[in-house]
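Add 221 to a position in the sequence shown, counting from 1, and you land on the number used in this note's numbering.
Be a bit skeptical, because a hint or two may be false.
[As the list claims (entries may be wrong)] 20 Å max Cα-Cα, derived EDC-like pairs, lysine to aspartate or glutamate: (1) Lys387 with Glu274; (2) Lys334 with Glu230; (3) Lys334 with Glu357.
[To be verified] Label pairs and their computed distance ranges (CB to CB): (4) Asn276 with Asn231: 20 to 28 Å; (5) Ser376 with Leu229: 21 to 29 Å; (6) Ser302 with Gln330: 18 to 26 Å; (7) Asp273 with Val372: 20 to 28 Å; (8) Leu279 with Phe364: 31 to 39 Å; (9) Gln330 with Ile388: 36 to 44 Å; (10) Ala373 with Asn231: 33 to 41 Å.
Quick caveat, the hints were computed from the structure, so don't treat them as lab data.
Even glycine gets a Cβ: it sits at the ideal position worked out from N, Cα and C.
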Amino acid sequence: MSLELISLENIQEVAHTYGYWAIFLGILLENLGIPLPGETVTLVGGFLAGSDELNFWLVLSDAIMGAVIGGTCGYWIGRVSGWPFLVKVGSIFRISEVRLMSIKDQFSQNAAKAVFFGRFLALLRVFAAPLAGIAEMPFGKFFLYNFLGAVAWASLMVTLAFFAGKIVSLEQLVAWVGQFAIAALLILAALIVVPLWLESRQVKEVGGEE
């Protein structure tokens, strides 16, 4: 999840002052890897639209454009310079280039799903695009799934805040979405870690039998 370096009150104040630009730039910068709570920014935009302070369709368009442009920039950052950087980081943690190449190949097989569904998980929302670039996912394919994921994510967040904001407080809505994001992230981590643990255990058992 994005680091909550900015309070909800500050986000609301900035959104009140700068309106659509605050929403667009907040989401774009989060997609570039800057620790801004893009999801909260989107919810604030939808909430303000529900309060008739902003226009629903303009908020939605800002959210989509910010996500698409930010994701596209992240993709090219990964495509141009991501692999050398990843190799350097891997060497620090003693991860061989061969192992990194294996991980890269595994990601390539699921890159489309990661780009689309990654929109709904804060950590993947930041890293999916650069990883797609590192994995050399064809740009046309990346752009399609990045765009579709941005539309689906932005539509859900803005619409949810637009209608739910009329029933519950913005603070409660942000808290619920944050809790859901944590649960989804833990489930995803389990789906990744458990199979890897079982695979490594099987390898050890086979090695022991030999």
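Taking the hints in turn, this is what the structure says about them:
With a CA separation close to 13 Å, the supplied pair lysine 387 and glutamate 274 stays within the 20 Å bound. Among the hinted pairs, lysine 334 with glutamate 230 is inconsistent with the structure: their alpha-carbon atoms are about 34 Å apart, more than 20 Å. The suggested pairing of lysine 334 with glutamate 357 holds, with an alpha-carbon distance near 15 Å, which does not exceed 20 Å. As the Cβ distance of asparagine 276 to asparagine 231 is approximately 23 Å, the hint placing it in 20 to 28 Å holds.
Between serine 376 and leucine 229 the beta carbons are some 22 Å apart, a value that agrees with the proposed interval 21 to 29 Å. Remark: the range hint 18 to 26 Å for serine 302 to glutamine 330 is upheld by a beta-carbon distance near 23 Å. Checked against the given bound of 20 to 28 Å, the beta carbons of aspartate 273 and valine 372, roughly 24 Å apart, stay inside it. Range check, leucine 279 to phenylalanine 364: about 23 Å between beta-carbon atoms, so the 31 to 39 Å window is missed.
The beta-carbon spacing between glutamine 330 and isoleucine 388, approximately 42 Å, falls within the hinted interval of 36 to 44 Å. Between alanine 373 and asparagine 231 the CB atoms are about 28 Å apart, so this pair departs from the stated range of 33 to 41 Å.
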